[in-house]
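Engineer: Take 2 as the starting number for the sequence shown in this note's numbering and just add one per residue.
Note that these hints are calculated values from the structure, not bench results.
DEER-style ranges, computed between Cβ atoms: (1) GLY82 with LEU149: 19 to 27 Å; (2) GLU78 with ASP137: 32 to 40 Å; (3) ASP137 with GLU49: 34 to 42 Å; (4) ASP150 with GLY51: 32 to 40 Å; (5) GLU10 with ALA64: 32 to 40 Å; (6) PRO76 with LYS40: 25 to 33 Å.
Since the model is a prediction, treat every value here as computed from it, not as a measurement.
Each residue gets a CB set at the ideal place from its N, CA and C atoms; glycine is no exception.
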Amino acid sequence: MAYRAAYSELLPAGYIDRTSDIYFGTARVARQVPPNPPKWFGYQVAEEDGRLVGAAGGGMTGAGVGELHLIYLDPAERGRGLGTLLLDRVIEQIRSAGGTEVWLSVFLGDGEGIGFYRSRGFQPVETVQADLSRTDDHIRSLRMRRVLD
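Using the sequences provided together with the hints, build the complete structure.
Structural biologist: Structure follows, in structure tokens:
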């Protein structure tokens, strides 16, 4: 799974297992695939030769406010523009739903991820405790924001 590959050297295995089970378990993903959910736009995927190489997803969190919830690529596929393509698709969904800004969270220490988002117009806003982390995990996320044109 791309999530595990992306964070295996950055986050504790227990945290990765916990978030994988909750966010990426088969039952949850199946519930989120139906068309036209009210605030979650579903998954945007990149496939090559019938193989899933990346996925992204986002939705609206308030009036005019969108959130990029996830974007992951097969590590072997990085550097080909697929991440930008997926990000652009989610941003277009948010814009079409009336979004004027997009927020995201990226783990502190994920220099590659932070650089990716900064180069695409996102600015750091604040540091928060990561979703699903326990205080003894000491896992922090950087909240970033991009105002849409």
